[in-house]
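*Asks:* The chain contents come next:
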Amino acid sequence: MGSEYLLETHSLSKEFRGFVAVNDVSLRVKRGSIHALIGPNGAGKTTVFNLITKFLPPTSGKIFFDGIDITREKPAQTARRGVIRSFQISAVFPHLTVLENVRIGLQRSLGTSFHFWKSEKTLDVLNDRAMELLEAVDLASFAFVTTVELPYGRKRALEIATTLAMDPELMLLDEPTQGMGHEDVGRIVELIRKVSANRTVLMVEHNLSVVATLSDTITVMQRGSILAEGPYIEVSKNPQVLEAYVGTADE
Amino acid sequence: MPPLKMNAVAWGLLVVAGLAAPFLVYPVFAMKILCLALFACAFNLLLGYTGLLSFGHAAFLGTAGYVTGHTVKVLGFQPEIGILAGTATAAALGYVIGSLAIRRSGIYFAMITLALAQMVYFMSLQMPFTGGEDGLQGVPRGKLFGMIDLLHPLYMYYFVFAIFLPGFWVIYRTIHSPFGQVLKAIRENEPRAISLGYDVEKYKLTAFVLSAALSGLAGATKTLVFQLASLTDVHWHMSGEVVLMTLLGGMGTVFGPIVGAIVVVSLQNYGANIGEWVIVITGTIFVICVLAFRRGIVGELAILFKR
Amino acid sequence: MTGIFGVSIQGLFGQLLVGLLNGSFYAILSLGLAIIFGLLNIINFAHGAQYMMGAFLAWIGMRYLGVNYWWALLLSPLLVGAFGMLLERGMLKKLYKLDHLYGLLLTFGLALIIEGLFRYRFGISGESYPVTELLAGGKNLGFMFLPKYRVWVVAASLVVCFGTWFVIERTKLGSYLRAGTENPQLLQAFGVNVPLMITLTYGYGVALAAFAGVLAAPIFNVNPVMGSNLIIVVFAVVVVGGMGSIMGSIVTGIGLGLIEGIVKSGMIANLLSSAFDSVPVAGSIVYPIKLLLSPEASAVTIFVIMAIVLLVRPAGLFGRER
Amino acid sequence: MKRKLLSALICAALMIHVGATAGAATKVSDGVVKIGVLTDMSGTYSDLAGHGSLVAVQMAVADFIAKEKPDFKIEVISADHQNKGDIAAIKAREWIDTEKVDVIVDLVTTSTALAVMKVAKEKDRITLVSGAASTPITNEQCTDTNVHWTYDTYALAVGTGKAVVKQGGKTWFFLTADYAFGKSLEKNTSDVVLKEGGKVLGHVLHPFPAQDFSSFLLQAQSSGAQVIGLANAGNDTINAIKQAAEFGITPKQSLAGLLMFITDVHSLGLRATQGMYLTTGFYWDMNDETRAFSKRFDWDNRHKPTMVQAGDYSATYHYLKAVKAAGTDDTKAVMAKMKATPINDFFAKNGKIRVDGRMVHDMYLAQVKKPEESKYAWDYYHIRQVIPADQAFMPLSESVCPLVKK
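The listed protein sequences derive, respectively, from chains A, B, C and D.
Residue numbers for the first sequence follow numbering that gives the first Met the number 0, so the first one is 0 and each next one is one higher.
Residue numbers for the second sequence follow numbering that gives the first Met the number 0, so the first one is 0 and each next one is one higher.
Residue numbers for the third sequence follow numbering that gives the first Met the number 0, so the first one is 0 and each next one is one higher.
Residue numbers for the fourth sequence follow numbering that gives the first Met the number 0, so the first one is 0 and each next one is one higher.
Next comes chain A alone, as it looks inside the complex (with noise of 0.2 Å):
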């Protein structure tokens, strides 16, 4: 085992041209906890989250994952190290059924995705455990239907179904519960608590109800910069943190 942070980002910057989106952010995340991410639009949670998964480049500063220099490598390699991501609109492959959305997850696994010489029912091994990841998101009824005629919620579910099929070490997950009513609010919010067992969860979402059921720590950004981090109770007493949100968090 590594040490007692999975993931650890040091003096991180980002610029575009002339514009300093991410500034200095030092990130710890701890080994199986829920880290969630928060701050105004525009504060730079997603930059962060596309510096960590390599999506873009750092100006400056490095990510370590497990101990280990991540910073110059390209976003696959680092997805195959077992960080795995989710996106603000939800990220499912709308025209194959819902089953073949979690074998691509477990697919890799194979060795055999340059195959293409072989049939694709030599993917029907991969069926049981898809099918078992189905289960667990509630989908299992819906295996057979193409993706793009699930309800709103039901993709975000699938989302996470095919993200654990990678079996990730660090869950990102950007604004899981973007968009949705009230009730499928509370089925994500139980499935994260689900799946994040044994697991390690970074999130950004703007939620804060969701934030403070799920999370361990939080850490609030603005203007591209860490403004305060700590348990939520903590974080919310912040003066200013909430002076930061006075005026802004009214969504």
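No lab work stands behind these hints: they were computed from the structure.
All values reported here derive from a predicted model rather than from experimental measurement.
Where is the CB? At the ideal position from N, CA and C, for every residue including glycine.
Some chain B residues close to chain C (C-beta under 8 Å, calculated; not the full set):
1) L52
2) L99
3) R102
4) Y107
5) A114
6) L115
7) M118
8) F121
9) V242
10) I278
11) T281
12) G282
13) T283
14) F285
15) V286
16) L290
Fit chains B, C and D to the known structure of chain A by using the hints.
*Replies:* Frame of chain A; chains B, C and D shown alone:
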């Protein structure tokens, strides 16, 4: 009808129609359809199943044609060696163009492939062995394995069919393979595929090379059929034509490009008298396809059958 | 003869001047494409056909209706622009929610139809449009003869290009346009009639093409394929400049004209010859490069530049990364 | 350039059944002589060949029936080869296999002509090339079933080159389209120029096709040559001429169009082309015979025949006469008859077909009139000189055609 059963029926139809074709239509015409259908299917592997619009696919068709023609006519090899040489060259060219082009996506991808194909066109006009504007004329069909005289139209037809079927099967199999699943995932949502640990560039490049090689196979065969390799096959109009075949037949459907190729080649052949109207009619088909008919012939039929 | 690599200084000067003239054509055409791409997210493949229509309308006006050059310069873009707006309302509008690919394919089809109809009516050989009396003749600069008409073309296109740039980048109307490219819903919420704005923008882009067509009529043979010969090059200009970038398309257009002028002069090919031909191995390695930079390859120059630019700066020289 | 992306919709093959009642004498296979007109109906060459070629062939057939009262049926079919070698080849093959076509006429652009000649040779049918211009047709690629009827690059280059040098145009610079055709045109001409005592100062290759020629023209201008030879065709030639006038290059230096048709002059207008020399195989306004033909040809009051179209008529008529004289449509017999019979009609004077398939006949050196000299529509040329048949074309001794026994 469930999709699997529908595919089986389509395969059956394809094989029966393919075997009977030379007795129903003019064999050379049928051969041209087979060559261009293979080309369109190879193109569809990229456009329909990987989501990449290449506007330079004529480069592979044409280059393979020249190489095959040169190998058979000037170097005096047997036809099967010529076809192998043409296909291999197209694959190599596909690797070069693909490595450059897949770095970008969307419209940029289309523009880079177009630009690189224009360079190939220019080289084809310049290189001494292509015969420039006159093309490489009088390529002998030769004897297959030194035995079967391909000048006989029926022998030649079944030889072409014997190339088409496995070529098409490779495409079909690719679409329905573990690799094809990943391609579809990339088409549907590229960032998500990356975040699931797939090196999408490698997959795109593999698909590109595969598509280029099969396009080359089509071009090599076409050269033997017509005993001619010319600039027509490297010109960007040919790249546009293959888009039309795919769009008309139904992009992202397995059999669509074949239907598209049949329609387009028939128009070309039997419509040879309409003169100026050729262009207007072609344009109209494009417009209608885009505005009202985006699934293409096979796509619309599939929907009809599902109901 | 004093000179660099077989081209006299005066000769080079002449080539650059001619390059500038061509560059202003590229600029005005690519500007129209850039505006349309910026707001509509559509690659207007029919741009070349609309340019051809502009030239033909001028010719038809002169031949059958006695419309002179100056009126043609005004009326032809207006008519073609109106035609463009009809296309936008009738067809393009239906594609905004789809992949950009469909806009490209639709306008490609439209280009074929327009070109085919003109071919049917006017044949392929084309027609000749005389230079208007006021601009006929030219001035001998010593190293070359500079036709007055070409000077007028440069001046007119620069004025139109930079005028358009000014309106878009520096006025309130322009700020709406720019906002429309970023967030049309928000703009609509502010009470701006966005669909109308899109229609007018497409009309303006098309009118620019027709304007270039009228400018071109006295220089080039007016024929149905004059636009399709040009359109792919102009595409490349837009891509190199950065899709949708106004300044990018103007600067790249002019720049390409200049570079083409140098390539056409044969200077680069001569330079490579003199540097490498005597070196045994290097000579044959450089050979294909030399081939691509020789005068006869000037039509490919832009594509070489484009490939290089896209590899180094994917968003184009002036484009923004998104 | 966008000649046409694709092709056409359902077609009704245009056929005219102009038959006569069957007699007894002529042995025509399957009872009918079928003529296929394969040409560019929609692309770059559709004005100088295209529909007009079909009209000319139909006229020839009608005239032949009226005058010679043949005892066999004649049919004409036509198709658009779109300037694509493969389409031309497939059409020719299909025509011969399924339509039993006996002879294929016109064939504009060299690549389609060569492709069809190969097919015809293999299937033992006749080709009468009128549209294409390259010399390989009667040299390294010659066949014994082909006649190259109207003109070739050599004839044009030699006729114009010689005449211009004789007029005092001693120093030349070439503007050459960068492909095989342009280069061979340049070579043929510069050989003549050198032989006649002229000098070639240089050349510049331009891309094919090109729009703007000013850069190349400036180079031609700075060469100081008296004559700028245009070794290109079609729109390239037109744009080069137009821009030469614009840059004040003409009339100080003169231009020599090495492949120009009357349709090109028509589209450029006389102002830009006046004074140019060009070689042609036919001019509609030369004499009463040609005028009579041209008047009947003009199907919609917009067209005068080009040399290609007039050549199609002449070739078709000669072919039909040979069929009648031979009493069969057997290829070998008809070819022998055609080669044995001299040709003298409104198109060809002192014509005869050589062993390499070259039909040699008088060519004409024309000079384009000044605008004020033109009295009526299409009144464009002064015919300055008749180039006798035996001098107009490449001598047999220089031919590399394998059929020529040396």
